[in-house]
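Whenever a hint applies, use it, and build me the whole structure from the sequences.
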Amino acid sequence: MLGSFLPRVLLMVFGYAYPAYECYKTLDHTPEIGRLLFWCRYWVPIYNEAKFALFIYLWYWREERTDHLYNRFRELVVPREAKIDRIRDKARNLANQSCQEAMNCGRKGVCAILNYVSSHQSAPQPHSD
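Residue numbers (the numbering used here): 1 to 129.
For the record, the hints were derived by calculation from the structure and aren't laboratory data.
Be a bit skeptical, because a hint or two may be false.
Across the chosen pairs, the derived CB separations fall in these ranges [claimed, not checked]:
id, residue 1, residue 2, range
1, W59, R8, 23 to 29 Å
2, V110, E81, 40 to 46 Å
3, Y57, F5, 30 to 36 Å
4, C111, L69, 51 to 57 Å
5, K51, G106, 33 to 39 Å
6, Y116, Y70, 55 to 61 Å
7, A17, C99, 20 to 26 Å
8, G109, L69, 17 to 23 Å
9, R74, S98, 30 to 36 Å
10, Q100, K51, 35 to 41 Å
The beta carbon of each residue, even a glycine, is placed where N, CA and C say it ideally should be.
Below you can see the structure in the form of structure tokens.
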């Protein structure tokens with residue numbers, strides 16, 4: 001359940017909510033058309049339908065379309081491959097570092113809570129029968 005829930009939540013936050021919020025901020029605070037276009041292009045009203053149509057287009061008619069699309073994609077990626085790899089490695093290192101810091105903060109928080117609870121426990125009272 002968590003395996004399908006978490007990606008959907010992340011998609012909603014980073015794919016829809018964040019760009020929508022940035023569109024709002026751009027319109028409300030600095031109505032620059034360039035910035036507005038930058039954030040508005042992330043929200044396509046018929047995204048799922050367009051994705052389905054592209055899938056049918058590539059799959060149904062001829063195999064050459066997928067080859068053509070791959071070759072065009074490859075032309076774009078090959079000259080930038082080293083830069084993409086550097087950015088990916090930096091992102092991975094940043095994510096690892098952030099996870100380590102979050103784990104350290106969590107560990108310190110749990111230790112602080114346990115110390116607080118153990119210091120405020122009352123001593124056991126002797127039974128008077």
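Out of the numbered hints, which ones does the structure contradict? Of the numbered hints given earlier, the structure breaks just one, which is hint 8.
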